[in-house]
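Peer 1: Now for the letters of each chain:
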Amino acid sequence: MSGGARLENANPLIFQRTGERLQTANDEDEDVADPIDDREIFDLIRSINDPEHPLSLEELNVVEQVRVRVDDQENAVGVEFTPAIPHCSMATLIGLSIKVKLLRSLPERFKIDVHITPGTHASEDAVNKQLADKERVAAALENSQLLEVVNQCLISNARTG
Amino acid sequence: MNDTVALLQKFNAHPDSRCWYVAWNPKGTLLASCGGDRAIRIWGREGDSWECKTLLQDGHQRTVRKVAWSPCGNYLASASFDATTCIWKKKNDDFECLTVLEGHENEVKCVAWAPSGNLLATCSRDKSVWIWEGYLSQSLSFSVDEENENENEYECVSVVNSHTQDVKHVVWHPTQELLASCSYDNNVCVYKEEDDDWECRATLEGHTSTVWGLTFDPSGQRLASCSDDCTVKIWKECQPEGGQGTDTAWKCVCTLSGFHGRTVYDIAWCPLTGALATACGDDGVRVFKEDETADPDQPAFSLSAHVPKAHTQDVNCIAWNPKEAGLLVSCSDNGEIAVWNYQSGV
Chain Z
1 MSGGARLENA NPLIFQRTGE RLQTANDEDE DVADPIDDRE IFDLIRSIND PEHPLSLEEL
61 NVVEQVRVRV DDQENAVGVE FTPAIPHCSM ATLIGLSIKV KLLRSLPERF KIDVHITPGT
121 HASEDAVNKQ LADKERVAAA LENSQLLEVV NQCLISNART G
Chain L
1 MNDTVALLQK FNAHPDSRCW YVAWNPKGTL LASCGGDRAI RIWGREGDSW ECKTLLQDGH
61 QRTVRKVAWS PCGNYLASAS FDATTCIWKK KNDDFECLTV LEGHENEVKC VAWAPSGNLL
121 ATCSRDKSVW IWEGYLSQSL SFSVDEENEN ENEYECVSVV NSHTQDVKHV VWHPTQELLA
181 SCSYDNNVCV YKEEDDDWEC RATLEGHTST VWGLTFDPSG QRLASCSDDC TVKIWKECQP
241 EGGQGTDTAW KCVCTLSGFH GRTVYDIAWC PLTGALATAC GDDGVRVFKE DETADPDQPA
301 FSLSAHVPKA HTQDVNCIAW NPKEAGLLVS CSDNGEIAVW NYQSGV
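First to last, the sequence lines map onto chains Z and L. Per full-length UniProt numbering: the first sequence = residues 1 to 161. Per full-length UniProt numbering: the second sequence = residues 1 to 346.
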């Protein structure tokens with residue numbers, strides 16, 4: 001899937017990483033329930049590896065904290081991601097990696113919507129529809145080759161944290 | 001709303017995985033469920049609780065998406081992401097795999113038995129609907145215990161490619177040999193047999209996203225569909241203008257919108273009471289009742305009962321018991337099956 005000698009986006013723009021989260025007194029209090037907020041979701045997805053480059057989705061500005069919406073009470077999470085180039089053929093794979101990371105990390109009560117930042121991709125409707133179809137996602141993840149590619153994107157390493 | 005849906009039992013059917021589908025047998029005494037754990041389970045009532053009578057573990061290599069009982073109740077068909085459909089024969093509490101139907105290029109999304117018992121329909125992400133013909137001992141008045149070599153013969157009689165995308169569900173008309181399918185392409189197709197070949201006779205357009213489920217009303221005159229666009233549509237067959245052509249025309253006579261918060265995954269029309277139940281991705285189960293006074297060509301439905309948190313995750317399937325009025329079953333992404341009693345106050 002990500003094979004081939006020629007990279008689509010050979011010279012990507014690299015963005016600076018956000019610093020560590022500042023702990024507040026409430027965060028450290030065991031008795032106060034921590035609602036899940038956009039920073040927490042961002043922390044889960046920022047270090048997902050891009051399939052083509054040894055860089056994280058945060059460094060490529062594919063994901064940004066400002067494009068994460070969380071409603072803890074309504075059990076809803078929405079993530080918009082911006083493919084680095086409008087014809088990026090990796091868009092579905094990147095979206096799937098974000099979705100899988102959140103499905104594996106968040107409590108079961110959450111409804112997770114992942115879609116492309118409007119206006120940033122040529123096939124955004126088609127990609128969004130696939131990502132929203134849980135039956136298609138489930139079947140895709142039963143494909144061992146695709147699952148392996150997704151897992152590679154989700155491996156965290158010392159470089160990307 | 002003085003109508004209620006009361007929870008009778010809830011149990012975990014598919015540990016650590018999704019329960020995708022649940023189906024009552026024709027007598028209404030058994031439940032078949034299937035899921036992401038690649039297994040099929042058969043449940044029977046023991047007093048107030050449901051016990052697992054049979055576990056069919058090795059029939060499929062991937063998720064089992066749907067199961068369907070034959071009209072006689074002696075056979076079960078299962079549709080799987082491994083691209084095959086299994087036909088099982090019931091022998092007391094055990095099931096034996098009779099034959100495996102192969103042919104689809106990728107995941108089979110649904111299997112359904114025609115009311116006559118001789119025909120099966122399957123559909124797949126490969127965009128096609130297949131019609132299969134087989135020979136069941138019951139239709140030749142053989143006793144269930146006799147071995148009949150003909151039982152293993154299933155032949156594909158038609159492959160129809162009317163949809164342009166993944167086909168999600170197929171359902172047969174309750175009495176006629178008429179088939180309907182729905183798809184990721186947002187449409188519903190209706191098929192009839194013509195000169196030994198099955199053809200699409202009508203394409204029902206109107207939904208603005210994937211259509212996940214279909215159900216005929218008890219008389220078979222109307223079809224209800226449910227969709228990712230969060231609506232339910234009721235379709236009725238009407239006489240085409242001029243009356244000469246063989247194509248039928250179906251019109252959307254009612255749309256139920258504003259009731260569901262997320263994708264509606266399944267819909268079921270009760271053959272005994274006419275109530276319409278839905279399974280939704282917002283974790284809720286809803287029952288709609290038809291308004292008696294409305295014009296038959298412009299039916300109106302109102303929300304009769306709603307269980308907002310029927311399950312802790314998406315509800316994938318909903319099914320009315322064919323013999324006991326008001327008995328309803330649902331299943332969810334959290335692996336649970338729930339059994340409900342719907343009571344209409346009026």
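Worth flagging that the hints you see were computed from the coordinates, not collected in a lab. Do not take every clue at face value.
Computed list of lysine-lysine pairs in BS3-like fashion (alpha-carbon distance at most 27 Å, straight line) [claimed, not checked]:
#1 L/K90 to Z/K134
#2 L/K127 to L/K236
#3 L/K90 to L/K27
#4 Z/K129 to Z/K111
#5 L/K27 to Z/K111
#6 L/K53 to L/K323
#7 Z/K129 to L/K309
#8 Z/K134 to L/K27
#9 L/K91 to L/K289
#10 Z/K111 to L/K236
#11 L/K289 to L/K309
#12 L/K53 to L/K90
#13 Z/K129 to L/K127
#14 L/K90 to L/K10
#15 L/K91 to L/K27
#16 L/K27 to L/K251
#17 Z/K111 to Z/K134
#18 L/K10 to L/K309
#19 L/K323 to L/K27
#20 L/K236 to L/K289
#21 Z/K134 to L/K127
Partial selection, computed: residues in chain Z whose CB lies under 7 Å from chain L [as the list claims (entries may be wrong)]:
#22 E40
#23 E108
#24 A139
Glycine is no exception: its CB is placed at the ideal position from the N, C-alpha and C atoms.
Peer 1: With reference to the structure, classify each hint as holding or not holding.
Peer 2: To see whether the hints hold, each was checked on the structure:
Between L/K90 and Z/K134 the alpha-carbon distance is near 32 Å, which puts this suggested pair outside the 27 Å criterion. Using a Cα cut-off of 27 Å, the hinted pair L/K127 and L/K236 holds, with the two alpha carbons roughly 25 Å apart. Between L/K90 and L/K27, the direct Cα distance comes to roughly 14 Å. Compliance with the 27 Å bound is thereby established for this hinted pair. For the proposed pair Z/K129 and Z/K111, the alpha carbon gap of about 15 Å is at most 27 Å, so the pair holds.
At roughly 37 Å between alpha-carbon atoms, L/K27 and Z/K111 are farther apart than 27 Å, so this suggested pair is violated. Between the alpha carbons of L/K53 and L/K323 the distance comes to roughly 20 Å, so the proposed pair stays at or under 27 Å and holds. At most 27 Å may separate the alpha-carbon atoms for a hinted pair to count; Z/K129 and L/K309 meet this at roughly 26 Å. Restraint check: the Cα-Cα separation between Z/K134 and L/K27 comes to about 32 Å, which exceeds 27 Å; the hinted pair is violated.
In summary, the hint linking L/K91 to L/K289 is not supported, as the alpha carbons are separated by about 39 Å, beyond the 27 Å threshold. Note on Z/K111 and L/K236: the hinted pairing is violated, with a Cα-Cα distance of about 34 Å set against a maximum of 27 Å. Of the supplied pair hints, the one linking L/K289 and L/K309 holds, its CA atoms being roughly 20 Å apart against a limit of 27 Å. Between the alpha carbons of L/K53 and L/K90 the distance comes to roughly 12 Å, so the proposed pair stays at or under 27 Å and holds.
With a CA separation close to 16 Å, the supplied pair Z/K129 and L/K127 stays within the 27 Å bound. Distance check on the hinted pair: L/K90 and L/K10 sit about 26 Å apart at the alpha-carbon level, within 27 Å; holds. Pair hint L/K91 plus L/K27 holds up; C-alpha atoms about 16 Å apart against a cutoff of 27 Å. A hinted pair counts as satisfied when its Cα atoms are at most 27 Å apart, and L/K27 with L/K251 does not qualify at roughly 34 Å.
Proximity of Z/K111 to Z/K134 is assessed by CA-CA distance (about 11 Å); at most 27 Å being required, the pair is judged to hold. A threshold of 27 Å between alpha carbons decides the hint, and for L/K10 with L/K309 the separation of about 13 Å falls inside it, so the pair holds. Under the criterion of a C-alpha separation no larger than 27 Å, the hint pairing L/K323 with L/K27 is consistent with the structure, at around 7 Å. For the hint linking L/K236 to L/K289, the alpha-carbon distance of about 17 Å falls within 27 Å, and the restraint holds.
At most 27 Å may separate the alpha-carbon atoms for a hinted pair to count; Z/K134 and L/K127 meet this at roughly 18 Å. Among the interface hints, the one on Z/E40 is violated; its C-beta lies about 21 Å from the nearest C-beta in chain L, farther than the 7 Å criterion. Checking Z/E108 against chain L by beta carbon gives a least distance of about 6 Å; that is within 7 Å, so the hint holds. Hint status for Z/A139 relative to chain L: holds, with the closest Cβ pair at about 5 Å, below 7 Å.
When held up to the earlier numbered hints, the structure conflicts with 1, 5, 8, 9, 10, 16, 22 and fits the remainder.
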